[in-house]
Amino acid sequence: MITDAIINLGQLLMSFILDLLPDAAPDWLLDLSGDVARIVGTIDTYTVWVPWDALRVVAIGLMAFWAIVFAIKLVLKLISHVPLIGGNG
1 MITDAIINLG
11 QLLMSFILDL
21 LPDAAPDWLL
31 DLSGDVARIV
41 GTIDTYTVWV
51 PWDALRVVAI
61 GLMAFWAIVF
71 AIKLVLKLIS
81 HVPLIGGNG
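This note's numbering numbers the first residue of the sequence shown as 1 and each following residue consecutively.
I should point out that these hints are in silico values taken from the structure, not numbers from a laboratory. No experiment lies behind these values; they were computed from the predicted model shown. Be aware that one or more of the hints could be misleading.
As a list, the in silico SDA-like pairs of lysine to any residue whose alpha-carbon atoms are at most 20 Å apart [said to hold, decoys possible]: (1) 73 with 61; (2) 73 with 62; (3) 77 with 67.
Please build the complete structure, drawing on both the sequences and the hints.
Here you go:
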């Protein structure tokens, strides 16, 4: 009964929020392809000042580092559930 009331309140809130939004996207949002192409072209000319290749290597290295850290933590969590090894025994 209380759960039904909470669900109904959530539905009413979401329908209110969705009613505030327009039915279609505005024209300025739909016509952004030319502006985006111009911005990307302008950013592409900044290769002299911004070393994109170096930034790409750093970004990939950082993502790999965090993936390795996550994998190590996952293995340690799994090992902690083994009796007589991880402390749960």
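Do the hints match the structure? See the list:
1. Distance restraint check for residue 73 and residue 61: the Cα-Cα separation of roughly 18 Å lies within the 20 Å cut-off, and the hinted pair is therefore satisfied.
2. Proposed proximity of residue 73 and residue 62 is supported: the alpha carbons are some 17 Å apart, at most 20 Å.
3. In summary, the hint linking residue 77 to residue 67 is supported, as the alpha carbons are separated by about 15 Å, within the 20 Å threshold.
In the structure shown, no violation is registered for any of the earlier numbered hints.
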